[in-house]
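Protein sequences, first through last, are from chains A and B. The working numbering puts the first residue of the first sequence at 1, with every later residue one more than the last. The working numbering puts the first residue of the second sequence at 102, with every later residue one more than the last.
No lab work stands behind these hints: they were computed from the structure. Note that CB positions come from ideal geometry on N, CA and C, so glycine has one too. Mixed in with the good hints there might be a few duds.
Unchecked claim - Computed list of chain A residues with no C-beta within reach of chain B, every gap over 12 Å:
no.: 1; residue: Asn63
no.: 2; residue: Leu64
no.: 3; residue: Lys65
no.: 4; residue: Arg99
Unchecked claim - Among chain B residues calculated to face chain A with C-beta under 10 Å, some are:
no.: 5; residue: Ala103
no.: 6; residue: Asp104
no.: 7; residue: Ile106
no.: 8; residue: Ile108
no.: 9; residue: Ser116
no.: 10; residue: Arg120
no.: 11; residue: Thr141
no.: 12; residue: Thr164
no.: 13; residue: Leu176
no.: 14; residue: Val250
no.: 15; residue: Cys253
no.: 16; residue: Val254
no.: 17; residue: Gly257
no.: 18; residue: Ile287
no.: 19; residue: Tyr294
no.: 20; residue: Leu295
Unchecked claim - Here are the simulated SDA-like pairs of lysine to any residue, each with C-alpha atoms no more than 25 Å apart in a straight line:
no.: 21; chain 1: B; residue 1: Lys115; chain 2: A; residue 2: Ile25
no.: 22; chain 1: A; residue 1: Lys65; chain 2: B; residue 2: Gln187
no.: 23; chain 1: B; residue 1: Lys114; chain 2: A; residue 2: Asn71
no.: 24; chain 1: B; residue 1: Lys262; chain 2: B; residue 2: His241
no.: 25; chain 1: B; residue 1: Lys262; chain 2: B; residue 2: Phe122
no.: 26; chain 1: B; residue 1: Lys114; chain 2: A; residue 2: Val49
no.: 27; chain 1: A; residue 1: Lys65; chain 2: B; residue 2: Ala249
no.: 28; chain 1: B; residue 1: Lys115; chain 2: A; residue 2: Ala24
no.: 29; chain 1: B; residue 1: Lys262; chain 2: B; residue 2: Val194
no.: 30; chain 1: A; residue 1: Lys65; chain 2: B; residue 2: Phe122
no.: 31; chain 1: B; residue 1: Lys115; chain 2: A; residue 2: Leu18
no.: 32; chain 1: B; residue 1: Lys114; chain 2: A; residue 2: Asn63
no.: 33; chain 1: A; residue 1: Lys65; chain 2: A; residue 2: Phe27
no.: 34; chain 1: B; residue 1: Lys115; chain 2: B; residue 2: Ile183
no.: 35; chain 1: B; residue 1: Lys115; chain 2: A; residue 2: Phe83
no.: 36; chain 1: B; residue 1: Lys114; chain 2: A; residue 2: Ile84
no.: 37; chain 1: B; residue 1: Lys115; chain 2: A; residue 2: Leu13
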Amino acid sequence: MTHSEERVQTTYLTGFALAVVLTAIPFVLVWTGWLTGPAVYVVIAAAAVIQVLVHLVFFLHINLKSTPGENLFFLCFAAVLLFIMVGGSLWIMFDLHHRMM
Amino acid sequence: MADTISILEEEEKKSLESREFGFWVYLMSDAVIFALLFATYVVLSNNSAAGPTAAQLFDLRHTAGETALLLISSLTFGYATISMSQGHSGRTVQWLLVTLVLGLGFLVMEMMEFRGMIEKGAGPETSGFLSAFFTLIGTHGLHVTMGAVGICVMIGQVLTKGLTLPVRSRLMRLGLFWHFLDIVWIGIFSVVYLPGVM
């Protein structure tokens with residue numbers, strides 16, 4: 001096995017270990033009920049966002065050097081679209097829900 | 102003559118690169134579909150219409166098992182990719198088979214969960230919450246099924262054609278798809294299951 005292939009293998013294993021930890025944290029918190037209230041949602045959301053980034057970097061090998069610029073552009077474009085559509089939908093629907101009460 | 106071959110190889114590489122970009126665009130548009138299903142689920146998740154609620158239906162141990170299967174299958178697909186870059190077609194097929202088994206295990210667990218819920222009278226027609234739940238999880242399950250079909254096809258291609266340039270490119274795109282499904286699953290357990298049992 002050459003040097004770069006060993007490095008690729010380490011990349012996958014590092015990503016896997018990080019993903020396991022980032023999955024275990026929210027599961028254990030919810031399971032044991034250590035935290036309650038909005039703090040749990042903050043931890044779940046933070047762990048999820050970090051784990052998505054871990055998957056993108058370690059499994060999909062996204063980086064600023066070797067990934068083609070168009071792919072990065074589309075990734076950012078999709079992220080903006082998701083933010084507008086999901087954020088906008090939730091904002092409108094919960095506001096409506098609030099007004100109907 | 103040597104020039105012609107190198108030009109042809111160059112052209113093939115270019116066309117495969119543009120396919121990889123096209124596949125990436127597809128994945129991003131798929132992400133938009135999932136995001137909208139997530140938004141629909143969040144809006145409807147409290148509308149259980151006097152039927153069973155999320156806390157009564159979800160079993161966190163079951164979800165943890167599904168999560169483990171999918172995450173390990175992502176790692177084994179990574180090993181298939183490494184074997185491919187080393188040029189070991191036999192080992193690539195072995196890792197693909199392991200990934201396939203893990204993926205099928207995930208699908209079996211999901212089917213068991215769906216069946217259990219429908220038997221309890223919590224089918225998709227019961228409430229807005231369950232309609233949104235079955236649509237979101239079902240769409241993901243359908244993607245995993247297509248991924249499993251893709252793995253079968255690629256096992257066949259590696260065995261019959263060997264690790265040629267187009268086969269490598271297809272296997273790489275299938276890998277992107279498989280890792281992408283794992284990313285969607287992170288969203289599913291964070292948005293659907295964990296808040297559901299709290």
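Evaluation of the provided hints:
Every Cβ of chain B is farther than 12 Å from the Cβ of asparagine 63 of chain A; the closest lies at roughly 15 Å, confirming the non-interface assignment. Against the 12 Å criterion, leucine 64 of chain A stays outside the reach of chain B, whose nearest CB is about 16 Å from its own CB. The beta carbon of lysine 65 of chain A is kept farther than 12 Å from every beta carbon of chain B, the shortest such distance being approximately 17 Å. Distance to chain B confirms arginine 99 of chain A as a non-interface residue, since its nearest Cβ pair spans about 15 Å, more than 12 Å.
Using the Cβ-Cβ criterion of 10 Å, the hint placing alanine 103 of chain B at the interface with chain A is not satisfied: the shortest such distance is roughly 28 Å. Interface hint at aspartate 104 of chain B: violated, since its Cβ lies 27 Å from the closest Cβ of chain A, which is beyond the 10 Å cut-off. Taking 10 Å as the C-beta contact cut-off toward chain A, the hint placing isoleucine 106 of chain B at the interface is violated, the least distance being around 26 Å. With its C-beta approaching chain A no nearer than about 22 Å, isoleucine 108 of chain B sits outside the 10 Å limit, and its interface hint is violated.
At about 15 Å, the closest approach between the beta carbon of serine 116 of chain B and any beta carbon in chain A exceeds 10 Å, and the interface hint on this residue is violated. For arginine 120 of chain B, the interface hint is violated, since its Cβ never comes within 10 Å of a Cβ in chain A; the closest pair sits about 13 Å apart. Nearest Cβ of chain A to the Cβ of threonine 141 of chain B: about 8 Å, under the 10 Å cut. The hint holds. Interface hint at threonine 164 of chain B: satisfied, since its Cβ lies 8 Å from the closest Cβ of chain A, which is below the 10 Å cut-off.
A least Cβ separation of about 5 Å between leucine 176 of chain B and chain A falls short of the 10 Å threshold, and the interface hint therefore holds. With its C-beta approaching chain A no nearer than about 21 Å, valine 250 of chain B sits outside the 10 Å limit, and its interface hint is violated. Interface hint status for cysteine 253 of chain B: violated, as the beta-carbon distance to the closest one in chain A is roughly 21 Å, over 10 Å. Using the Cβ-Cβ criterion of 10 Å, the hint placing valine 254 of chain B at the interface with chain A is not satisfied: the shortest such distance is roughly 21 Å.
Taking 10 Å as the C-beta cut-off, the interface hint given for glycine 257 of chain B is violated, the closest approach to chain A being about 24 Å. With a cut of 10 Å, the hint placing isoleucine 287 of chain B at the interface with chain A holds, because the nearest CB-to-CB distance is about 5 Å. The restraint placing tyrosine 294 of chain B at the interface with chain A holds, with a minimum CB-CB distance near 9 Å, inside the 10 Å limit. For leucine 295 of chain B, the interface hint holds, since its Cβ comes within 10 Å of a Cβ in chain A; the closest pair sits about 5 Å apart.
At roughly 43 Å between alpha-carbon atoms, lysine 115 of chain B and isoleucine 25 of chain A are farther apart than 25 Å, so this suggested pair is violated. Distance check on the hinted pair: lysine 65 of chain A and glutamine 187 of chain B sit about 23 Å apart at the alpha-carbon level, within 25 Å; holds. Taking the CA atoms of lysine 114 of chain B and asparagine 71 of chain A, the gap is near 17 Å; set against the 25 Å cutoff, the hint holds. Our distance criterion of 25 Å between C-alpha atoms is broken by lysine 262 of chain B and histidine 241 of chain B, whose separation comes to about 31 Å.
For the given pair, lysine 262 of chain B sits about 24 Å from phenylalanine 122 of chain B by alpha-carbon distance, which is consistent with the 25 Å threshold. Taking the CA atoms of lysine 114 of chain B and valine 49 of chain A, the gap is near 34 Å; set against the 25 Å cutoff, the hint is violated. With a CA separation close to 32 Å, the supplied pair lysine 65 of chain A and alanine 249 of chain B exceeds the 25 Å bound. Restraint check: the Cα-Cα separation between lysine 115 of chain B and alanine 24 of chain A comes to about 42 Å, which exceeds 25 Å; the hinted pair is violated.
In summary, the hint linking lysine 262 of chain B to valine 194 of chain B is supported, as the alpha carbons are separated by about 12 Å, within the 25 Å threshold. Restraint check: the Cα-Cα separation between lysine 65 of chain A and phenylalanine 122 of chain B comes to about 16 Å, which is no more than 25 Å; the hinted pair holds. Proximity of lysine 115 of chain B to leucine 18 of chain A is assessed by CA-CA distance (about 35 Å); at most 25 Å being required, the pair is judged violated. A hinted pair counts as satisfied when its Cα atoms are at most 25 Å apart, and lysine 114 of chain B with asparagine 63 of chain A qualifies at roughly 21 Å.
Distance restraint check for lysine 65 of chain A and phenylalanine 27 of chain A: the Cα-Cα separation of roughly 35 Å exceeds the 25 Å cut-off, and the hinted pair is therefore not satisfied. Between lysine 115 of chain B and isoleucine 183 of chain B the alpha-carbon distance is near 23 Å, which keeps this suggested pair within the 25 Å criterion. With a C-alpha separation of about 33 Å, the suggested pair lysine 115 of chain B and phenylalanine 83 of chain A falls outside the 25 Å cut-off, and the hint is violated. A threshold of 25 Å between alpha carbons decides the hint, and for lysine 114 of chain B with isoleucine 84 of chain A the separation of about 36 Å lies outside it, so the pair is violated.
Restraint check: the Cα-Cα separation between lysine 115 of chain B and leucine 13 of chain A comes to about 31 Å, which exceeds 25 Å; the hinted pair is violated.
Of the numbered hints listed earlier, those contradicted by the structure are 5, 6, 7, 8, 9, 10, 14, 15, 16, 17, 21, 24, 26, 27, 28, 31, 33, 35, 36 and 37.
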